[in-house]
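Chain by chain, the residues run as shown.
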Amino acid sequence: MRHTWLHWLAFLSLIAACGSAATRPRYGGTLRVEIRESIETADPPQTGQGIADLASAFTITRWEGGRLAAYSANDDAPGGRPFLDSVEIQMARPFRDQSIDLEVGKADIIEIAPSEVRRIPAARKVWSTAPVRLLAVVFGPQITDNRLREALALSIDRAAIHNVILQRQGEITAALLPQWISGYAFLFPSATDLVRARTLTASLPVPLRTLSLSVEEITWRPVGDRIALNARDAGLAVNVSVRNPSADARLVEVRAISTEAWEALSGLASSLGLPQPPRAASAEGVYSGERMLLEGSRVIPLFHLPYVYEISPRVHGGPGITPLGAWRFENLWLEGIRP
Amino acid sequence: MTFRTRLLMIFTVAVAAAVGLVEWIVSGTTRDAFERVETKRINGLVAQFRREFHRRGDEIVRAVNAVAESDEVLSTALASDFAPYYGEASSIAQSNGLELMELVAGDGAIISSAEWPARFGYKEDWLSGTSGWTSRGAFLRREELPDGAALALVAVAEVTAGDRKLYVTGGQRIGREFLSSLVMPEGMRVLLYQDLSTTGAQFLDASGAVLDPGMFFPVIHEVQQQRRETTQTVGTGAAAEIVHALPLAGLDNGLLGILLVSSSRRELVEMEASLHSTGWMVAAGGILVGMLLSWWATARVTKPVRALAVSSEKVAAGNWAASVPVTSNDEMGQLARAFNRMTSELVAQRERLLQAERVAAWKELARRLAHELKNPLFPLQITVENMRRAHDSAPDQFEEVFREGTGTLLAELGSLKQIISRFSDFAKMPAPDLRPVDLNQLVSQAAKLFEPQLAAAHILLLTESDPNLGPIAGDADQLTRVLHNLILNAIDAMPRGGELTIRTIGQSERTTLEVSDTGQGLTPEECDRLFTPYYTTKTHGTGLGLAIVQSVVSDHKGRISVSSQPGKGTTFRIDLVAA
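In order, the protein sequence lines correspond to chains U and V.
Heads up: the first sequence begins at 1 in the working numbering, then just goes up one per residue.
Heads up: the second sequence begins at 1001 in the working numbering, then just goes up one per residue.
Quick list of simulated restraints, FRET-style, between CB atoms:
| id | chain 1 | residue 1 | chain 2 | residue 2 | range |
| --- | --- | --- | --- | --- | --- |
| 1 | U | G66 | V | L1078 | 41 to 51 Å |
| 2 | U | G66 | V | D1058 | 48 to 58 Å |
| 3 | V | D1163 | U | N146 | 42 to 52 Å |
| 4 | V | M1215 | U | T210 | 32 to 42 Å |
| 5 | U | N239 | V | D1163 | 34 to 44 Å |
| 6 | V | G1148 | U | P94 | 28 to 38 Å |
| 7 | U | T210 | V | D1163 | 42 to 52 Å |
| 8 | U | N146 | V | G1162 | 44 to 54 Å |
| 9 | U | I100 | V | L1145 | 28 to 38 Å |
| 10 | U | I100 | V | D1058 | 35 to 45 Å |
| 11 | V | L1145 | U | G28 | 53 to 63 Å |
No lab work stands behind these hints: they were computed from the structure.
The C-beta atom is built at its ideal place from N, Cα and C for all residues, glycine as well.
Construct all of the structure, not just a fragment, from the sequences and the given hints.
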């Protein structure tokens, strides 16, 4: 039911966009966007969300992998020419630098860390997606003992991390699919059970009680440190490092690419290196597939988080980000540029 | 060892002992002075540590109180939700120059931790269980940190906002940075032993981990046992160090660490080695100089003594006219003069003695000659008187008397001739013809020769010949005469029979001949005069027998001696030089 409603919402947005595009005037100006992600490919991405979404209304004019992308408005865009003349995207910008650039007027749209959301004054414009990205611990193939994985899963105090580090942004989860897509995420228990975790650890040989955890994105280092602290309470020694390819486990962030449950689950499984779940049309089937994927604690889902962007006051015509995180900049225009 | 050598040795030993004593005194005094300086340096460093410790403690207390009084902390204390303040402690710690900083809720739950941000929500029960933090000042505490436990100097302040309470804890690690802030004199170092039981002990100095922690374990062990300051010397030789250990106690007086202020003894050891080597060089030089000086001094001192010794040897060798030059008026001069007087006296006395002996010998010779000549002269006189009387009064018997008388005269004249011949023989004793002689063979021949005579006198002859006796250099005839005289002498000494023992004894450089009897024996006075010519204890005899024996033995460069006990017998012992 929820899915149906979302599909209709997306369809209506598209119709409205097409309708407005037909009468869309040329306002001009360059929209400056800064993102944390670094896309280090030779060519601009053609699929996925974010930069790839611009391809329908804008044409790439400059691509410097991992650094800069520049798009100009496409006069022959399906919905009509965008209001803006161009979009300039700076990649690999730390959150702190993005905030400064926004403050001094060098950026129009920036990404912000979940922990910073509550500090943003109420008057500021913020665009937030649905909790589409999953933060999870993924074990490497070298961790073969299920007791170790389960002990770590049971030791993590998700509530504390959610309340403090994530500043209550997003949702605590033990499921791969977010609740708003699957509707059953609450069925996967996410509570801490230190007693059980300690029992499992005690049953492990001492050499196996040590684990290395790589944090793939520096933003999540505090989460990794807290996981290590929780693990210590369970008797495990977790050494946290950043982008360590030989680590036993990784703290990763993956994104749901569809509002359709099976497609989203399949995409997440691919991103996490898990086997594909059996195709299922019903919620029960998807649930069964997800249970299968999570069996053995090869992956420990932790949180579903939204993307949050802070927007300059001079940007109008939004939101330019869909609930799934797709960029829709063709309807945006900049204050002072509009005649 | 000569007197000079002995004197030289005494001088040398005296110089060496003096140098050694000086070196020992200098070394001991230096060591004492060094150790006094070391003790002062250590005490100074300990005092510096205490001052630094208190200064830092005061700084921490001031900083923590300032934080506690800040609006930021007050707003945190008043907040209904602490989550937004999760990162607060780091920025507060940074702006206040504190390494450690935690904001802790009234229930002990950490709101924000600068040193371990991930520990939010964890309880610090030790804070909520105690009150009056503000007045406590700074204290040592074992702090849990992501990279392990560490010793820290911390202070706590309480913030009260309405009915809500918040604790502010702040501090600094006591580690390498703290140690390197202490000003170290050359040769000293300060080490920190942290007794952090869950993570094990750590040993730090200003440059990092201590390379040689084992040497400090005895000191640490003593402090752990006694819980008080102690000073010990650890290590040996140049690696030795004087260590002053200061226990570092926490809030509950538990031992959290030990500060070790160490001063190397290398300087002292090197100085002592230098002193020793200098001492040895000075001693060697002193001994050398002392030997040269003492050689010169002893040469001067012993020169008159040597002259005296040489002269004494000359005197001993028979040169009684020897004298020493008198070169000074000191004791040596007096001794030389006394020696010269003594030798001149000896010469004079010898002359007097020789004259007396000569006179006595002539007297004895005259007496013996008178005695010996008187015996045959009396029968001669009687015979001549008888012949004259027969001629005058009984001519018819004169022929018979004349025949008998001439017979007697011839006999007595023969005796006189024999007497004169013996005296002549003694006077004409020829020089020995030295050839290798088998003494055992001479003894054997003599024994065979005297066998009948001995048997007649009821004397048992015992010969004990050394089978290993080698030949001697001697005159066989004269030695046979010696042997015969001694045997005859023994026969005369045993008129009622007895035992005669002739013994030969061979030794490495000499051969001994002993002739023993079991006769009446001799008195000591008789023994003294026994070899005097013409002296005899017998009623017959010339008294030349033993004098001849002595003369022969003397000509063979031998020596004769007699030992006797009255009533037990007499033994003559002749020592001759082996061939």
